[in-house]
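**Student:** Residues per chain are reported as follows:
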Amino acid sequence: MSVSVETTVAASGGRGPAPTAHALRPHAETAFAHELAALAAQDDRPRPDRWRLSPWAVATYLLGGTLPDGTVITPKYVGPRRIVEVAVTTLATDRALLLLGVPGTAKTWVSEHLAAAVSGDSTLLVQGTAGTPEEAIRYGWNYAQLLARGPSRDALVPSPVMRAMAEGTTARVEELTRIPADVQDTLITILSEKTLPIPELGQEVQAVRGFNLIATANDRDRGVNDLSSALRRRFNTVVLPLPASVESEVDIVSRRVDQIGRSLDLPPVPDGIDEIRRVVTVFRELRDGITADGRTKVKSPSGTLSTAEAISVVTGGLALSAHFGDGVLRPADVAAGVLGAVVRDPASDRVVWQEYLEAVVRERDGWSDFYRACREVGA
Amino acid sequence: MTEDAAAAGGGGPWLLGVRHHGPGSARAVRAALEAARPRIVLIEGPPEADPLIPLAAETDMRPPVALLAHAVDEPGRSAFWPLAEFSPEWVALRWALEHGVPARFIDLPAAHSLARGSTVPDPADPAAPGDADTGGAAAGGPAGRDAQEQRAPADVRVDPLAVLAGTAGYDDPERWWEDVVEHRGAKGGDAFAPFAALEEAMAMLREAYGGGGQDRDLVREAHMRLQLRAARRETGDDVAVVCGAWHVPALRRKPAVAADRALLKGLPKVRADLTWVPWTHRRLARGGGYGAGIEAPGWYGHLFAAPDRPVERWLTRVAGLLREEDRIVSPAHVIEAVRLADTLAALRGRPLPGLRETTDAARAVMCDGSDVPLALVRDRLVVGEALGEVPRTAPAVPLQRDLDRLQRRLRLRPEAEDRELELDLRKDIDAERSRLLHRLRLLGVDWGEPAASRVGTGTFRETWRLRWEPELAVRVAEAGVWGTTVIAAANGRAEADAAAAQALAEVTALAERCLQAGLTEALSAVMRALADRAALEADVGRLAQALPALVRSLRYGDVRGTDTGALAEVAAGLADRVFVGLPPACAALAPDAADEMRRRLDAVHGAVGLLADVTDVPAGRAAPAARRGDGLRPRWQEVLRVLSARDAVPGQVRGRAVRLLLDDGRMGQDEAARLMGLALSPGTPPQDAAAWIEGFVGGGGGGMLLVHDERLLSLVDGWLTGVPAQAFTDVLPLLRRTFAAYEPGVRRTLGELVRRGPERRPGAGPAARTGLPGFAAGLDDERADAVVPVARLLLGLDGAPDAADGDRDDSDTGLVGVGT
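Protein sequences, first through last, are from chains A and B.
If you number the first sequence the way the UniProt record's numbering does, the last residue is 379 and the count never jumps.
If you number the second sequence the way the UniProt record's numbering does, the last residue is 820 and the count never jumps.
It is worth saying that the hints were derived from the structure and are not from the lab.
Please note that a few of the clues may not be correct.
Take a look, some chain A residues computed to stay more than 12 Å from chain B by CB distance [as the list claims (entries may be wrong)]:
hint, residue
1, A23
2, A40
3, I73
4, Y77
5, Y143
6, R256
7, R262
8, S312
9, A322
10, G327
11, G340
If you want a taste of the chain A side facing chain B, the calculated C-beta under 8 Å gives, among others [said to hold, decoys possible]:
hint, residue
12, T93
13, R95
14, V238
We treat Cβ as the ideally placed atom computed from N, Cα and C, and that holds for glycine.
Hey, can you work out the whole structure from these sequences and the hints?
**Tutor:** Structure representation (structure tokens):
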């Protein structure tokens, strides 16, 4: 027998159409409500069951464009079109979607907007941590109710995944690989059988058409719980790439650094862009294993060297120059941070870094200050 | 135009416009030929190849193959018309042969197109001047990708497909073509309909753009028209023409015969020869050069060969390949991938999933989103490994012709019996002979083998053993795929080898062979490969091994007058990597490994010395190389200093580093003595100390060092006498190994010095007459006089040879006596 879960149970989830104007960060479906409404109004393509928009409109919502009536849809994801197309198509074929990528590649951002566009609701979210229990994916109990009246539907506390199944909407799991392996595997039944048994009640919740799941995970992180092959088979995997060009990455880093700097009340530092470009270039070259001009190969260190790390290196450098330096971001301010980010394994990474310094940095015009600063730090 | 287009459906002539290498076009051509049953088939291609057409029917002819045209007097001038199984031209050719219908090529004769190449040499590729014109046009064609666009960006020729695709809202003309033509085969309907529609579109385009700014096309089309007319005179209208879609409207036109003749008048001409050569999918896929520039020959071949459900079959093949590589791919994966590909195609508004959709689906479902296994799929399936074959009866390839020419010019006859050949590389003809033999060896044509020289050694001398075996002719024919001349083929082969090489040592060896063969063109590719391998090589030992070989090649190249700027730069880069990696690599080594490392240190030291010499000289010519080189020696000395001071480094290596610094005059005797004192101080285990001594004074010249610097000797002496009795037996083998290597004279002197005792110091004063020879402040008259008889004898001033003989004998026996 199957039952449905009433939406009223979800009141504690903070969902609902009433947007809170004072929220520090409004949900995607709130912030872009007008775009979603315009898309829905002009979308004449077939929509899968319980989808708010057709797959084409979802792709347009993420990639941006101009609608026939002139409404401009801002691009939510700047990157290969293929990524979004495969992601949307995956959801349309009722396969679960796994977004992989290093920190700073907009995994969460994409998953939130996908959920908002497909189901109009991005809040059915399970945050994966090492301590995520099975209850967070299946269901828990309201123990007061349970003791007072015994097991019943009223005593059941559904998880976001269970609610999504019952309503035919999109659930999200963040940082899937941080969840312990045995808890991860709870998802197998849900994804393959599309059902969630409740043995205590002799009932089950069957997924309604339109249910799907988007998971995100960091594929370069060490010490995480790899997905079992059984679970992996249930997902279509999309790897979100790092920014394609130096310019776009410099842009991302400088914008984020600016925001962080303001929130930390750091004094503005003039002319930091050169140093940012340098940090980004170093990160990209070591990450890609080849210099920007494509002429020299270099070894890659064991660290991730993600955009997020570049941001923290530059922020650290800014703090250093503001508090202890002359207020100008200098090579010496970032050298230590770069070294720390690159050399994760003291033995092998140090050789990689020194080779890079000697073979690439030393030769480069205008980089002699940086070279010297790195030599000083590394000595 | 519409009536004309409709005429394609009715009686002949049937003008079948195709995209070269389009599987959909090929299928449509076959259907159209079956429906039309023409009595003669005309194909776009060089008419000189007509006699070669029957070869296409032979059983050992297997596409991909290419028609190769080359100028008889100049084999380097050549053009290729590659044909794959899925090429419409090939399909038409086979159809004609199977049905006993004559087939003819009707394009402009290769004699003209090759000659045209000579009047307008292509600056981008001097090795194949004709290729850009004929090969590119025939292969890419106006209806396919246009090789000329890439080669000469100045040429603003319209791309007809891009215009059509743009009009239809596609950003990629290839995809448009696939959607509109390739994926819509003639299914049951009118076999001529697609051709009619295409002709109409092309006609519109040509109305709008005229000849597309290509005069050459007009000439070619004039020739085709004339040929078409001739065919129609023979058989009436039962003629089918298979040509690039772009040409169809021009063939439909009927200008005056005289006008066409006038266009063809006075074209330059060369003597051209044609033959079939085997081709590969990889070369079909290669954008530039001789490649036809299609991205996915394997995929096209699959589309052409698959009877039905191409996407399902393709993804099953992908799954099979991944399984072979031990990835877990179940049929469920294939099902999901097909579903994803289908839905993606729908989302992208395509009638059928294409290569992009299947690739995206395979990546997301079967490859966990990773591009790494996908690269394998691309290499093995999308491009594919198909290798063509041609019958043995095909005419000789131009490479053989070029070889004949070279053999005549260099007076080297191919003979069946063994012959030994001595070459003096200082002579021009011998140097050329050597280069030819080296090039042939690179191509796998082992006509000559290097043999040990009998006359003498020296970089300017080479000895070869020559023997021409009949099967070498086959090897030459096989090597024909690499190029039409020996040098071009050798360059091509070396570049391919460099790209395929796995180990660093392979590439260094290849670099050496390139230098020997005088292949400067390939050398840059080899150098790139070398720099890449070196950058990714984690084992410093191997880097250190590669460096001396490379520096040797560098000097060798200098002997031959090759430009070695790039080589020097790579060598300097390699040296940099060795410098960085060596100190960590020297830590905590076993005794055997430490010995090995000490030898490497010596080799690198020598190489750095040579390299610094080379890179410092051409300061004006190769500025970056010179800049890299200028600090080479100081940096190396810095590395040695680090090594000498680091405790974790084994004694041999530390001692050797001190010694090398001392020899270069970069470390004072005092400092060396201090370090030796440290190494030999009582706290050090005797084993370590003995190793240090071996590193420091082992090998050539080490004994003389001890002889000349008594402070060092006394340190060794002091340490040795202080070694505890039980440890002494442990260090004895090491010490014996160290000192037994000295020359007898040195050993004797050392023995004498030790017996005399360490209290005397050099230069203590002229009074000490028994001191070390040559170290007294004043002149030792007695000893100086002893030289006089010998000197007189040598100068022919003395008539008393006996006295001199006796003198020499004395010294000999004296030295030998102590040595044992």
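**Student:** The structure should be examined with respect to each hint, and the outcome stated for every one.
**Tutor:** Structure-based check of each hint:
no.	hint	verdict
1	A23	holds (33 Å)
2	A40	holds (18 Å)
3	I73	holds (17 Å)
4	Y77	holds (16 Å)
5	Y143	holds (40 Å)
6	R256	holds (25 Å)
7	R262	holds (36 Å)
8	S312	holds (26 Å)
9	A322	holds (34 Å)
10	G327	holds (35 Å)
11	G340	holds (19 Å)
12	T93	holds (5 Å)
13	R95	holds (6 Å)
14	V238	holds (5 Å)
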